[in-house]
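Based on the sequences and whatever the hints tell you, model everything.
2 protein chains.
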Amino acid sequence: MKRRLRLGQDAVWAVPVRTSVGSYPVLVGAGLLSRIPEFLREYAPAHRYAVISDDRVASLYGEAVVDACGSAGLDATLFTFPRGEASKTRKQWSILTDELLDAGIRRDGAVVAVGGGVTGDLAGFVAATFLRGIPVVQVPTSTVAMIDASVGGKTGVDVGAGKNLVGAYHPPRVVVADPSAIQTLEAEERAQGLAEAMKHGAILDASYFTDLCDAAERLMDGDTDATLAAVLRSVELKARVVTEDEREAGVRQVLNFGHTLGHAIEAASGYALGHGSAVAMGMVLEARLGERLGVTEAGTSERLTEELASFGLGTLPENGFDHAGVLKYLGVDKKARGGRPRFVLLRSIGAVHEEGGWSREVPAEEVERIVAEAATPSE
Amino acid sequence: MKRRLRLGQDAVWAVPVRTSVGSYPVLVGAGLLSRIPEFLREYAPAHRYAVISDDRVASLYGEAVVDACGSAGLDATLFTFPRGEASKTRKQWSILTDELLDAGIRRDGAVVAVGGGVTGDLAGFVAATFLRGIPVVQVPTSTVAMIDASVGGKTGVDVGAGKNLVGAYHPPRVVVADPSAIQTLEAEERAQGLAEAMKHGAILDASYFTDLCDAAERLMDGDTDATLAAVLRSVELKARVVTEDEREAGVRQVLNFGHTLGHAIEAASGYALGHGSAVAMGMVLEARLGERLGVTEAGTSERLTEELASFGLGTLPENGFDHAGVLKYLGVDKKARGGRPRFVLLRSIGAVHEEGGWSREVPAEEVERIVAEAATPSE
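First to last, the protein sequences are chains A and B.
Quick note: the first sequence uses this note's numbering, first residue 1, plus one each step.
Quick note: the second sequence uses this note's numbering, first residue 1001, plus one each step.
No wet-lab data here; the hints were simulated from the structure.
Using N, Cα and C, we set each Cβ at its ideal position, and we do this for glycine too.
One or more of the hints may lead you astray.
Derived CB-CB ranges, DEER-like [as the list claims (entries may be wrong)]:
{"#": "1", "chain 1": "B", "residue 1": "1247", "chain 2": "A", "residue 2": "245", "range": "41 to 49 Å"}
{"#": "2", "chain 1": "B", "residue 1": "1361", "chain 2": "A", "residue 2": "270", "range": "49 to 57 Å"}
{"#": "3", "chain 1": "A", "residue 1": "91", "chain 2": "B", "residue 2": "1104", "range": "23 to 31 Å"}
{"#": "4", "chain 1": "B", "residue 1": "1211", "chain 2": "A", "residue 2": "361", "range": "29 to 37 Å"}
{"#": "5", "chain 1": "B", "residue 1": "1042", "chain 2": "A", "residue 2": "225", "range": "53 to 61 Å"}
Written out as structure tokens, the structure is:
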């Protein structure tokens, strides 16, 4: 599936993702950040580039990308926004859109999103709707963005009713993932992305799950080789799923394992919990739910709890959590059909229980019981 | 190309439009408005329908559509917004989106846009970005929406820098055009749409252009048969172009005839001029530009002026217009590549001059001269 290319002096892995409107590669390799101009020229030739970063990543990488473009004879301008999930709003999307228009970016322009998941989603949505869509190049610099967010073409912003409820599918022309960027993150930030890697293993690949557990320490330290291996395997797994089902009508739903409860836990915390932390808790609870319903192998939830602990993840809050809030948010989950939340349940580590569809409704009282038990602090 | 169907008792014409993600029909027939539920069931089955209309069309047709859905056992809710182009904003888009979310519309919902061009664009953009896209059914009730806006999948809103600068391509599941709705419009509103019909004739079909001129009086009176014939022919012509080039990379550009100057004239008037009126003036001036450059047959501009007059269109303002404003807006035209506006030029009535591409840059001084001459009131 992946292809090893030799572009210039360094090895680059290219994982193809096919969409309804064509195909794009996810390029993975150490040192690729310094070679953005050649990838822009090859995959997204444009008259002008709008490089979008948050105000922290701008000084780490965004400015360097703009400078490198300048040296390579490409016309690039930097646009920044305040760091954090609080910027993933329609308001910030409007501000950036107007800034690009004011700067004279037009149809022959392209967006280069340099940063974490928030930047990819926000800048991707700007590109998706700018003059009804201009090309976007995704340059993820966080673990979660490399491992998860940059593959699949989802873009969007949060609204009062929930996260990611407004957005568009807008596949990038190319994704450039340089695992050496992970070194500038805190371990806690790495963990947020590794939660999604663990999810990929849990739903699709038991041996990848084991590999991640074995490499936990190196991954948490930001070791480039270990990170490269994880990014490559996660991207391959996710690309396979997304290629098969771009619009989440079928198998793509498996990627929501841990997310139905995870989103609700995240929302009920007022987004004080990181997405990866919430998803890790969601995986533990949804595995417990599957065991209770007799579809998930006994002991799965316990194993998840143990292994996620190596990443500082999956432990339910000691003082319990907002039980009523979680149940309230479950009612507005984006994946709901006809108002009832749906769950992806494991058969065992590495495989989803797929009889009767990739996701299913479960009896409301079972969900309530699992949430209530988790919400009660253990003795 | 078109197919005559017999659905129920009345004749329905179906014109197929092919897009990168499938095909949808434009259904044209007198009396179709009373049969919306059967078309929703066939082309856009959904758990719930959000019917979106402006506050005027709501009482004319929107409420009736919701009632008919109710009688047919479909769950439909009406959402309204203040009438007029001033509602085509990101703010109104946000308000509608939040109202749909609050009402519990989810992924298994669909939007039904009942109204004119503003409704189609605004409700279409709501659907395009709602949970990253839910189906939309377009039910155009104005001449311009039937003849032009409902075919092609363009959705969007206006921003400070110009009209339609933010949006998405989001093809409808079906378009239902009932020419008898035209009777509730003023003649002036009909003319706005007939300007686009005249454009279709001017760029693609000389005999259609002549037919429209011959039927001018009946069309301005809102005669259903004459309107049906025009809607059908315009939809066929536009569908052919859009099927060939969904994203305006090639031949679809011909639909911009009259629009480069038209948009600038419209913007410079502070949108006091209707879109059709501005486009009619744009066609006259762009034909004059083509004649000046030697690519358009002599006399074309004069013929356009004469024939458009039957619709009360194409006459330049007697007191001149904002010359500097038009040139300023030309600089920010959405179709510009590299900051220079591009023009579609006729060879003669019924054919675009296509050597060197469907659109072209022209010397800035020629554009300035044409605009300056038009801006000066004649003696």
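Consistency of the hints with the structure:
1. B/1247 <-> A/245: 41 to 49 Å: For residue 1247 of chain B and residue 245 of chain A the Cβ distance comes to about 23 Å; the hint is violated.
2. B/1361 <-> A/270: 49 to 57 Å: 53 Å, holds
3. A/91 <-> B/1104: 23 to 31 Å: Because 24 Å falls inside the window, the suggested range holds.
4. B/1211 <-> A/361: 29 to 37 Å: 56 Å, violated
5. B/1042 <-> A/225: 53 to 61 Å: 56 Å, holds
In this structure, the earlier hints numbered 1, 4 are contradicted, and the remaining ones agree with it.
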